[in-house]
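*Asks:* If you read the protein sequences in the order shown, they are chains A and B.
Note that our numbering numbers the first sequence so that position 272 is 272, with each residue one more than the last.
Note that our numbering numbers the second sequence so that position 400 is 400, with each residue one more than the last.
Hints are not guaranteed to be accurate.
To be verified - Computed spacing ranges between beta-carbons, pair by pair:
#1 A:164 to B:514: 26 to 32 Å
#2 B:396 to A:86: 31 to 37 Å
#3 B:358 to A:174: 54 to 60 Å
#4 A:232 to B:367: 30 to 36 Å
#5 B:412 to A:132: 15 to 21 Å
What the hints assert, rightly or not - Computed list of chain A residues with no C-beta within reach of chain B, every gap over 12 Å:
#6 16
#7 172
#8 181
What the hints assert, rightly or not - Footprint (simulated), chain B over chain A, 3 or more residues, beta carbon under 8 Å:
#9 24-32
#10 92-104
FYI, nobody ran anything at the bench for these hints, they're computed from the structure.
Every residue gets a Cβ at the ideal spot worked out from N, C-alpha and C, and that includes glycine.
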Amino acid sequence: MRAQLWFIVMVAAAACGGNWSNRDVDFANALPDRVVLKSKLPETATSTNPLTGVETRRDGLVVGDPSSAYADTRAAQATFNKVIDDVLTLVEAIRKYPPTDRTDDSRTWGPFADEKNRGAEFRLVVTQSADSTFHWSFEEHPANSADYFRIVSGEFRPTDNLKRGQGTMVVHVQEFRPHLGTDDSMKYVDQIDIGYVSDSYPLTVSMLYTFTPGNPEGFSTISFVSRKAEDGSGALQFTVATPNNPKQLSTAYSASWLPSGAGRAAGVVQAGEYAGATATQCWSGAFLITYYNEGWPAGMSSGNPADCVEVPGF
Amino acid sequence: MGETPRGAVHRFAIFVGNNEGGEGTRALLYAHDDAERLHEIFLRLGGVKSEDAMLMIDKSADDLLTALGELERRSRDARARGERTALVFYYSGHAKEGALRLGSSKLPMESIKARLAQGPADIRVAVLDACRSGSMTRSKGVRKAPAFEVESDATRAAKGLVILTSSASDEDSQESDLIGASYFSYHLATGLLGSADQNVDGRVSLAEAYAYAYERTVASTADSSGGAQHPTFSFDLAGNGDLMLTDVVERREGLLVPVSAPAGTYFLIDPRGVVVAELIKTDVERVIALPPGAYTVKRRLADRLRIGSFQVRSGEVTTLNEGGFRDAKFSDDPVKGTGITSTFSRHWSFSASGAYQAVFDRPTASGGYFPSAPLVGGEASVHNFFGKGFGLNVDLLYGWTSGVLNTRFQSNLAYTYSLISFGAGLFYEWNPQGKWVPFTGVHLAVNVMSRTFTGTTLPTQSFTTMSPGLSGGLKYRLSASFGVLARARVHYLLYNVDETRSLGYAEVGLLLDYEFRE
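Same shape as in the complex, but just chain A (with noise of 0.2 Å):
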């Protein structure tokens, strides 16, 4: 009897502890949100069938079409969250778990066996500096060394609360790419910069793609900025790229909606034979070519200037 009293004090004293923190969730919230940062542009059924764009245009666009501005600002958008989703997904789910190792001003995620590529190891670091900026490293070694190379890393200022401040990111692509490689989409990209400021609206978020240099797609920067105000609407502004289309290779996007979907978006043909050309087009909440109009010599226009919705704020 004695004995077994003694082994359950033994058990229920090795059992004490946990991950009861409430500095964890200061640590943990500083690390950026993909559900703030995403850009968010109403949809609906209809919507999702792909629209053709420039190919549409060229046939001559009216009012009641399916608006191609949509559906270019939804593939930019598109490529915008995908880049959203890549970085944050693996961090998010990292934590999800409790920290493996807590300081006074640090808490560590890992290291965690690499699955992927056999003894290597991958980790997330969380550090608070003494101005309370908070400081993320997502960073992995190879098998074959200790040294850690970053894939991504951050930083976040709280203004308010954790669900306010600034912060930004960087995807250390030229740095990973030789330990974990790329797929086609990053082939020549070397770094994406990403800022946020989440402290007051519209929510903001920047994003700029820095190519390799010299790289045979002829590219040095692509930006994005996404804004989101509170009550849904929002703003995206995004270059498209057309390299087939010697008239309009490419276009500079200013997009912006309404919560119900209804949206304008102006265009301006960067390069190409009609560069400096602007056009304007407006759908509506059906996502329907509500008014189209090409600012060039002899360029189309269809409908009413006064069809096109007004979004207060962008």
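Since the structure of chain A is provided, determine the placement of chain B on it from the hints.
*Replies:* Below, chain B without anything else, positioned relative to chain A:
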């Protein structure tokens, strides 16, 4: 000595036991056991057929009178058939202000005495084990007899009423936790098993039983806190004679203590550790009529114990063999500690509880770690585990709540909280047989706490800790089995993740308790 041949008497018997005496009385512990023990002895050794005996536990006065009326009817019928009859009336319970108290009902002693005095049986023997029961023998119509002048040389068979009481009219009748019975009933019972067989004829007469019970009760209570208790004996008999109560040799089943056995006091203990009989061995052979079973026998010497064991088989008399005894230290007494007490009164209880746990910490909305929460659960307790009043309990509680957490950088983070608490405690009850039972103790809980944040991907957080504490409270007995407890606990809680902090909590609860008594 004139006697009534036991076999020639048709015997009827009623045994009444009631621990409860209603308002103004404190619950007895052993009245049930007393009645059951005497019932068993009279069936086995007293010539009472089971169909002629009634065992009435926790019955009311009306129930008692109804049962008595039935036995009177049967007795009357037997007499009509020409049989000689006897009625034994045994009562163990409360008596107060001239009345037997059966739970909330009352039965005036005068009325039961008158009923017995006029009863149809040739001999009516009333045995009352109750406080101030001696007032019954002091009353008109019954002559009180000196303790040792019962036996008579008369040859005529007696007819009339004999009353034995456990105490004088101004005395309390005491129960003993040491023997797990009332002193009087215990000694009367052990006397009927053969210890009282003064003339060694193998039978115990009414006079022998009384003489033995008187002597042993006075001796046992002389040093008790309640003072010496003096049983009384009175009779109103037409004619003379003695009534044989038990025949300890007829069944030829029990223990024979031979002449050669050393003199002294022998305690016969059953497998539960309960002393079922004691025997003062002199220079004569003795037979104790025990039912079949395994027993331990203990003889106390000045510096040690002599302990042996024996088996009584059905229809056999086992002779005690002193050669098989061994010496033992007093600490190895087979009647452990308080002896019968711990065995007899040890019992389980189960409780359903509702409580509120208040953590000694800031609210989580102000940066605290743990929220306060309501709890529900249950527990099991074993009372008198380490002796009178000392018990153990184990409990399981579940708590839940929801709230918001504010940290240095985070505000209004909603969470749901749950707590599972396993606990064990040692407690002490004062006045454990009373209506109001204060208690205090120490408690050790293993708390498993968990919080899940809503609307985020943050992991569920948990914390497990052992938490020592103190407890105290008050129990109120609603009945013999049901009680309500109000209890408070104060616990220490060590938190050591973000920092090392000594926290604590108070727990205030109500419990509905059910006791399982043997």
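*Asks:* A separate judgement is required for each hint: does it hold in the structure or not?
*Replies:* Hints, one by one, checked against the model:
At about 56 Å, the beta-carbon gap between residue 164 of chain A and residue 514 of chain B misses the expected band of 26 to 32 Å. Distance hint check: the CB atoms of residue 396 of chain B and residue 86 of chain A are about 47 Å apart, inconsistent with the given range 31 to 37 Å. The given range of 54 to 60 Å is respected by residue 358 of chain B and residue 174 of chain A, whose C-beta atoms sit roughly 57 Å from each other. Restraint check, residue 232 of chain A to residue 367 of chain B: a C-beta distance of roughly 33 Å satisfies the suggested window 30 to 36 Å.
At roughly 19 Å, the beta carbons of residue 412 of chain B and residue 132 of chain A sit within the given window of 15 to 21 Å. Its beta-carbon lying about 5 Å from the closest one in chain B, residue 16 of chain A breaks the requirement of being farther than 12 Å from that chain. The non-interface label for residue 172 of chain A is consistent with chain B: the shortest C-beta to C-beta separation is roughly 24 Å, beyond 12 Å. Against chain B, the non-interface label of residue 181 of chain A holds: every CB pair exceeds 12 Å, the least being about 28 Å.
Residues of the region 24-32 of chain A lying with their CB closer than 8 Å to a CB of chain B number 6, which satisfies the three-residue condition for coverage. Counting residues of the region 92-104 of chain A whose C-beta sits closer than 8 Å to any C-beta of chain B gives 6, which meets the bar of three, so the coverage hint holds.
When held up to the earlier numbered hints, the structure conflicts with 1, 2, 6 and fits the remainder.
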